[in-house]
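**Q** Chain by chain, the residues:
Number of protein chains: 2
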Amino acid sequence: MTSSTEEAKSELNAASQIIDGKAIAARIRQDIAQQVAALAEKKPGLAVILVGSRPDSQTYVNMKKKACESAGIVSFGFDFDETVTQEVLLETVQKLNQDDRVHGILVQLPLPSHLDQDTILKSVHPDKDVDGLHPTNVAALQMYSGHFLEAPFSIPCTPLGCCVLLEQSAVPLRGAHCVVLGRSQLVGWPMARLLLAQDATVTVVHSKTRNIEDMVRQADVVVAAVGRAQMVKGDWLKPGAVVIDVGINSVDTPGGKKPYKLVGDVDYDSAKAVASKITPVPGGVGPMTIAMLLRNTLASFQRMQKQT
Amino acid sequence: MTSSTEEAKSELNAASQIIDGKAIAARIRQDIAQQVAALAEKKPGLAVILVGSRPDSQTYVNMKKKACESAGIVSFGFDFDETVTQEVLLETVQKLNQDDRVHGILVQLPLPSHLDQDTILKSVHPDKDVDGLHPTNVAALQMYSGHFLEAPFSIPCTPLGCCVLLEQSAVPLRGAHCVVLGRSQLVGWPMARLLLAQDATVTVVHSKTRNIEDMVRQADVVVAAVGRAQMVKGDWLKPGAVVIDVGINSVDTPGGKKPYKLVGDVDYDSAKAVASKITPVPGGVGPMTIAMLLRNTLASFQRMQKQT
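For the record, the sequence lines run as chains A and B. Residue numbers for the first sequence follow numbering that gives the first Met the number 0, beginning at 0 and rising by one. Residue numbers for the second sequence follow numbering that gives the first Met the number 0, beginning at 0 and rising by one.
In short, the hints are calculated from the structure, not lab data. Among the hints, a few may not be true.
If chains are identical, the list can't say which one is meant, so a pair holds when it fits in one copy or spans any two.
As the list claims (entries may be wrong) - Only pairs whose alpha carbons sit at most 30 angstroms apart, straight line, appear in this in silico DSSO-like list of lysine-lysine: (1) K121 with K305; (2) K237 with K121; (3) K257 with K41; (4) K207 with K232; (5) K207 with K257; (6) K271 with K237; (7) K237 with K207; (8) K257 with K271; (9) K237 with K21; (10) K237 with K94; (11) K65 with K232; (12) K237 with K42; (13) K237 with K305; (14) K271 with K207; (15) K121 with K94; (16) K94 with K256; (17) K42 with K305.
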């Protein structure tokens with residue numbers, strides 16, 4: 000590293016800003032709660048379908064239900080045994096599709112392997128698909144170029160939350176080079192599309208990418224969504240880059256107070272010294288995902304009220 | 000440019016290969032004709048809808064109909080006045096959706112501005128949407144990661160043709176850095192997805208990209224689909240890069256034999272001196288688009304026969 004970039008680094012260092020996803024999400028949830036409180040008798044409702052007893056899925060589902068309650072959104076829980084049949088699940092979804100108390104239907108993923116995840120996700124009515132995973136909504140996102148909060152369909156919660164964080168942090172995207180690590184249907188690929196729609200230049204890198212560090216080093220904005228603990232190091236970053244860390248990885252901490260800790264896909268300490276803005280883990284993207292789920296449920300409700 | 004890259008350039012120069020889209024397309028069309036000839040009585044049928052009298056659209060439609068005939072595919076032409084109503088067009092599509100002689104329906108774009116292009120494209124039954132523009136097929140492509148010729152749905156003809164050219168030219172894509180210029184629904188964006196599905200690292204650049212030359216200069220494979228005559232110069236390319244030129248631009252040739260000539264988005268003469276493989280214009284991607292239309296029509300026919 001040359002001395003001039005060292006200088007740039009230390010200058011930026013001074014200004015390095017933590018993107019406080021927890022605080023931003025809290026403000027959004029408060030705003031949603033106020034909007035819901037101001038509604039007439041009828042309130043938005045979210046149905047949450049959980050299959051099996053994975054502890055992480057149970058934790059997420061509980062967090063989602065609690066978040067609904069605190070925003071005044073009615074939550075309906077449907078918990079099934081690991082062994083539930085495809086038919087029973089599809090019947091449940093069909094009933095919820097027709098239930099006018101329900102404006103959002105969430106199927107907690109992953110499903111056990113004997114179930115056909117695609118078929119089940121497709122069975123959710125597109126208007127109630129608050130996760131944005133139904134083909135109708137997937138296609139709508141590919142063809143949409145407006146503002147992400149004005150889309151007349153649901154956009155997957157995690158990439159939507161990342162866009163809100165970038166906007167709230169006043170990160171200019173037009174013409175910026177954004178490198179997205181990961182190409183999943185849930186995060187990486189929709190994120191790439193959302194950045195492109197905001198006129199960013201977008202590169203998608205993944206496990207088969209050669210010289211991944213060199214690619215990341217060019218980025219004005221890095222979005223890491225690969226699920227590999229602390230993979231992106233500070234010296235992979237261009238000084239002043241903005242870092243959005245989607246990863247939530249559990250790593251063992253032998254001898255620590257707790258037996259494990261949660262870390263992102265970015266090596267936070269070394270990255271913080273180089274980035275201009277960075278999301279922590281936990282407290283960055285994670286809280287935004289839940290805030291966006293409430294937001295998508297309210298938006299679904301509002302669209303359905305207009306229709307009737 | 001350093002002398003070592005000059006050397007590399009002249010070495011590669013010697014080996015620079017023209018990707019002969021015309022010849023590759025001819026072989027594919029011959030193969031399709033043989034498959035169609037071997038069919039029992041029932042043959043694949045393609046309906047082509049043309050609105051108005053744009054000379055370029057008329058030329059394309061005529062080429063498509065002739066290509067059908069020469070392959071033994073039945074073509075049904077539906078030519079409408081510039082002033083046709085949306086209702087009449089939608090009725091026509093509905094009839095064709097139900098007509099079991101028709102396995103592909105193509106609406107020649109662009110449509111006059113009083114027509115709602117989205118609604119008309121959505122009205123085509125997904126199984127007969129040989130252009131791959133129906134939301135069902137758009138979503139299917141985003142979620143598909145298999146081989147492009149094995150997809151159980153239609154992929155837009157031009158990017159599909161580009162994939163075939165790359166495969167037939169033995170261009171390795173896994174881990175290769177592919178830079179796509181342009182982000183259209185018809186070419187750029189589906190091309191990016193198709194390259195990603197082949198494990199390439201993909202960058203999408205466009206009119207808002209800063210330092211576009213620097214981005215292109217990193218590419219192992221360049222796909223140019225911006226519609227700007229001869230924009231990409233030879234010195235924008237990494238020596239040995241593979242160049243796929245999707246552009247078909249008409250430029251005036253004052254004092255020439257003809258009043259205009261067709262050129263690509265790439266400055267062919269300067270690019271040919273640097274690239275390892277390159278498609279000419281005309282005779283590169285253009286003929287492949289039509290070959291892929293026939294191929295998609297035959298594939299639709301085959302899928303429908305299986306269903307019945």
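**Q** How would you classify K65 and K232 at a CA-CA limit of 30 angstroms: within, between, both, or neither?
**A** Intra 35 angstroms, inter 58 angstroms, cutoff 30 angstroms: neither.
**Q** Within a copy, between copies, both or neither: where do K257 and K41 come within 30 angstroms Cα-Cα?
**A** For K257 and K41, neither the intra-copy (44 angstroms) nor the inter-copy (70 angstroms) Cα distance is at most 30 angstroms.
**Q** Can you give me the call for K237 and K21, within, between, both or neither, at a CA distance of at most 30 angstroms?
**A** For K237 and K21, the Cα distance is within 30 angstroms only inside one copy (26 angstroms; across copies 44 angstroms).
**Q** Treating 30 angstroms as the Cα threshold, decide for K237 and K305: within, between, both or neither.
**A** Neither: 47 angstroms inside a copy, 54 angstroms across copies.
**Q** Reference check for the pair K237 and K94, CA-CA at most 30 angstroms: within, between, both, or neither?
**A** neither (51 angstroms within a copy, 58 angstroms between copies)
**Q** Which holds for K237 with K42 at a C-alpha limit of 30 angstroms: within a copy, between copies, both or neither?
**A** neither (47 angstroms within a copy, 59 angstroms between copies)
**Q** Are the CA atoms of K42 and K305 at most 30 angstroms apart within a copy, between copies, both, or neither?
**A** For K42 and K305, the Cα distance is within 30 angstroms only inside one copy (14 angstroms; across copies 48 angstroms).
**Q** Are the CA atoms of K257 and K271 at most 30 angstroms apart within a copy, between copies, both, or neither?
**A** Intra 24 angstroms, inter 61 angstroms, cutoff 30 angstroms: intra-copy only.
**Q** How would you label the pair K237, K121 (within, between, both, or neither) given a Cα cut-off of 30 angstroms?
**A** Classified as neither: same-chain Cα gap 41 angstroms, cross-chain 44 angstroms, threshold 30 angstroms.
**Q** Treating 30 angstroms as the Cα threshold, decide for K207 and K232: within, between, both or neither.
**A** Classified as both; 18 angstroms inside a copy, 29 angstroms across copies.
**Q** Should K121 paired with K305 be assigned to within, between, both, or neither, using CA atoms and 30 angstroms as the limit?
**A** Answer is both; intra-copy 24 angstroms and inter-copy 23 angstroms each pass.
**Q** Within, between, both or neither: how does the pair K271, K237 come out at a Cα-Cα threshold of 30 angstroms?
**A** within (12 angstroms within a copy, 34 angstroms between copies)
Violated hints, in rising order: 2, 3, 5, 10, 11, 12, 13 and 16; the structure is consistent with all others.
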